[in-house]
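Fit chain B to the known structure of chain V by using the hints.
For reference, the chains in residue letters:
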Amino acid sequence: MYDLIIRNGTVVDGSGLPGYQADVAVTGNRIAKIGRITEEAGKEVDATGKVVAPGFIDPHTHFDAQLLWDGAAKPALSHGVTTIVPGNCSLSLAPLKADHRMRLVGMFNQIEEMPYKAFREGVVWDWETFSEYITRIRKGLAINVAPLVGHSVIRLWVMNDAATERTATDEEIAEMQDVLRECLDAGAAGLSTSYVDMDEKLQPVPSRYAEAREVEALAEVLGEYGRMLQIVPEFYDPDLTIARLDQLAELSIKYQIPTTFSPLFVNSDNVASVDKVMERVDEQFARGARVWPQVQTRPIDISFSFAVPSLLFIRFRNWYNIMRFGTHEEIRAHFADPENRKARAAEVAELKDLWAGLVLRQVKTDANQKYVGKTLGEIARDRGVTPVEAMIDISVEEDLDAHFLAASMGHNDDGRVARLLNHPRVHIGASDGGAHILSFSTYGDTGYLLARFVRDLKTVRMEDAIKKVTSDTASIWGIPERGLLQKGYIADITVFDPEKIDRGVEKFVQDVPGDGSRYVRDSHGVDTVIVGGGIAWSARDGYQDARGEILPGARESQPELVAAE
Amino acid sequence: MSDLSVVRKSILPEAGDSWASIAGRELPGLSEQEAVSSLQSWNLHVYMRAPAPEGSPRAGNPILPSDVIFVEPPLAAS
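So the sequences go chain by chain: V and B. FYI, the numbering for the first sequence is 1 to 565, going by our numbering. FYI, the numbering for the second sequence is 1001 to 1078, going by our numbering.
Excised from the complex, chain V in its bound form (with noise of 0.2 Å):
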């Protein structure tokens, strides 16, 4: 007898063959069976007009902080997720001393808008070193978590304030090189790092303080486990990138690694940009190295209110620094005095167009609910003002509780978003779930994927797109056994309807500790979620079986590869 049957489902395998009619039976923890079974098993899942497909793997997040608190890291597993990369661009939690962990806390805040409240008031600081960071969030794991090590945080370990002063030393990179050891003894599945961003004070993150040498003798190490090195170029700007995967190749052959690089964007002014690196990450694999950009499904779309910095508002100082630095009252104050409301919008006038499309998507006060749902170029012809001055008159007058959405900012051409995710050396990734939960939300790419490009535009097969976030990125990663729908595999495996799956529309929610908010989308169409077979998630009862496995592992926990008889 079988612990559990997904009955009369299309077996869509990972694989990217063509889906076909079959039962699916699972013994423990794995898949015993597919094709037609007629014995029972303890619990069914009746999969009539459903694709059984492998849990989706998302390799680029920032769940780190919520894994503290929310071993399902929702609503991500509730999509289809099953496995998440979480300690991308430079940035985990562990190691991490004790003196560190507010200025660790600053950047998380900085780059992923985890606010500091969901710290003090979520986060018992009970581990230091990666080991005990993997024990403490083991605890209650729903999802499968393949967890990189950040390189800033290492080189805080090691060389504490001189991080963001100095390059290392030949004795700080030695012992750089044994934390990492130790990071991916425990269980990392790699190392991030990045070129681009910026921690607290505005000012560059350790990662950014280190030579080239320093990171060749880290990827020397992630050389002798065949671990991912993870990097954050400078995407805005296609020379760079393509230097940045140039030395990416270089390691990548030399200690025989993959890498990846995110984000890569496609829009209808830098076509010729993505070509051209499209054209050196072809050399590059032609060369034998192991380039993956990652390319998220999902347009570019920022949500923000006046409280919080905005991405939006990153290039315009005075902007930025009252809403960064100011306190609620002050930034307040600064826009309702009426010389800094005339500077500050001759400071974005430049972008009159963009002000004028914004969607005013909420607000607090009976008065302003006539506003809700039209965009403040209308807005402004009915108050009789410009739209950046309706923008900052209505915020002043909702007490900065009023939600703007900048819909489709970029990587919103279907046609030529479509032509990347085909790419067969693409790698679909890039959602940043679980960051910057203040300004969009980062749940539901595989939804988007499945909805948008397989179902409703069909520029991409439903196999493909399942090969993609499922067995492309567990081989690229090095993730044993997931991936594919096979007998002996481990049971990671989401249950979902082809005609209604899509991620649902992005919603403001108070559910962070600290009573803080987010946006997230609830996902339609999914009908099961099992990890390591156990029913993870249903649409009919919610979060079920916690299950979750940290991937690929410690060393010792790793399965032993053995010759077939």
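Rather than coming from a laboratory, the hints here were simulated on the basis of the structure. No experiment lies behind these values; they were computed from the predicted model shown. Heads up, a few of these hints could be off.
Which stretches of chain V does chain B cover? Using the computed rule of at least three CB atoms under 8 Å from a CB of chain B, they are [to be verified]: (1) 165 to 171; (2) 229 to 242; (3) 362 to 374; (4) 465 to 474; (5) 486 to 497.
Glycine is no exception: its CB is placed at the ideal position from the N, C-alpha and C atoms.
Relative to chain V, chain B alone:
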């Protein structure tokens, strides 16, 4: 990387590098002023960077050890 099709020449800074030291090493045929000016115009991602805080060991020099520094202008589109 001689087998790659197009490479815009760039270097990675050496310890303590400044615009002037890179100019002297990479563009020896130009006057220092002209070489520094060229480097800055080809590397706006560094030149336009916000200055380091006062008292920082980096004060006065925006170049980071991890930077890519281009030593020629952008190549013409093919």
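Comparing the hints with the structure gives:
1. Evaluation of the coverage hint for the segment 165 to 171 of chain V: fulfilled, as 3 residues show C-beta separations to chain B shorter than 8 Å, against a requirement of three.
2. Counting residues of the segment 229 to 242 of chain V whose beta-carbon sits less than 8 Å from any beta-carbon of chain B gives 5, enough to reach three: the coverage restraint holds.
3. Counting residues of the segment 362 to 374 of chain V whose C-beta lies closer than 8 Å to any C-beta of chain B gives 0; at least three are required, and the coverage claim is violated.
4. For the segment 465 to 474 of chain V, the stated coverage by chain B is violated: 0 residues have a C-beta nearer than 8 Å to a C-beta of that chain, whereas at least 3 were required.
5. Interface restraint, the segment 486 to 497 of chain V with chain B: violated (0 residues with C-beta to C-beta distance below 8 Å; minimum three).
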